[in-house]
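Asker: Residues per chain, in single letters:
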Amino acid sequence: DAGVTQSPTHLIKTRGQQVTLRCSPKSGHDTVSWYQQALGQGPQFIFQYYEEEERQRGNFPDRFSGHQFPNYSSELNVNALLLGDSALYLCASSLPPGDEQFFGPGTRLTVL
Amino acid sequence: GENVEQHPSTLSVQEGDSAVIKCTYSDSASNYFPWYKQELGKRPQLIIDIRSNVGEKKDQRIAVTLNKTAKHFSLHITETQPEDSAVYFCAASRNRDDKIIFGKGTRLHILP
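In order, the protein sequences belong to chains U and B. The opening residue of the first sequence carries number 1 in my numbering; numbering runs sequentially from there. The opening residue of the second sequence carries number 1 in my numbering; numbering runs sequentially from there.
Read the hints as simulated data drawn from the structure, not as lab findings. One or more hints might be untrue.
What the hints assert, rightly or not - Partial list, derived from the structure: chain U residues whose beta carbon lies under 8 Å from chain B: (1) Ala2; (2) Ser33; (3) Ala38; (4) Gln101; (5) Pro105.
Treat the numbers as computed from the prediction; the structure is a model and nothing was measured. For every residue, glycine included, the Cβ atom is placed at its ideal position computed from N, Cα and C.
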C-alpha cells in the first residue's frame, strides 16, 4: 500500500517563474492538504482540497493556487516566485471524518 | 488569529534523562493536539496525539498532558535514547482531518 507520494523531490527556479508541485494521496484517501515549511520553522497550512474543491485556505496570497483531480491527486501552483517561497512543500492526505493526516516526503523548492 | 507557541526552541538532555516540551494554543475551538517528530530531511511523523476530552495519554516512553482551561499541553519523553534526537513539533487542530497549526519546533539533542 503506497503512502503519500510527491514529485519532484527537488526543484530550482528563479524569481518570477511559475512552479507546479504534485501529490498523490495514500490509497483510499480523498482529502489533500498542502503545507509550506520554511527552514527552521514549523509547517504552515496553505489549503485543503476535498471533492475537487478548495475547502479551507490559510494566509497565503493568491499566487498560491491548487487543484484536485477526480482520482484525488492534487497540484500546488505558485506564480511569480519570490525568494521567500523557498521551502519544503509538504502534502498530507486523509479520509474524513476524523482520519489522521499522513504526510508525504515533500518537495524542496529553491528560488534563486 | 490561530497560534501555537512552543518552548524551548532547543533542548539538550543526557541520555537516560527526561525531556519536556511545552506548548500553548490560542484557538479555543481546538480539540485535537498531535505531536510530530521530524528527522533531518524527512517528513513529519505523528508520534502521539491527544483529544480535548482527555487530560493525559501515555505510549511507552512518551506521554502528553493537556490543560484545556489554561490552553497548555506538554510532551514528556522518559529514558531518552540517541534515536530520540530530532525536531519535535506540537500542533493544534479543530479535528483530526482539519488544518493543523504547528508550533515552531524544538530541536532535541540527546547527549551521550
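Asker: The structure should be examined with respect to each hint, and the outcome stated for every one.
Answerer: Verification of the hints:
1. Ala2: With a closest approach of 14 Å, the alanine 2 of chain U hint is violated.
2. Ser33: Holds. Min distance 7 Å.
3. Ala38: violated (10 Å)
4. Gln101: holds (6 Å)
5. Pro105: holds (5 Å)
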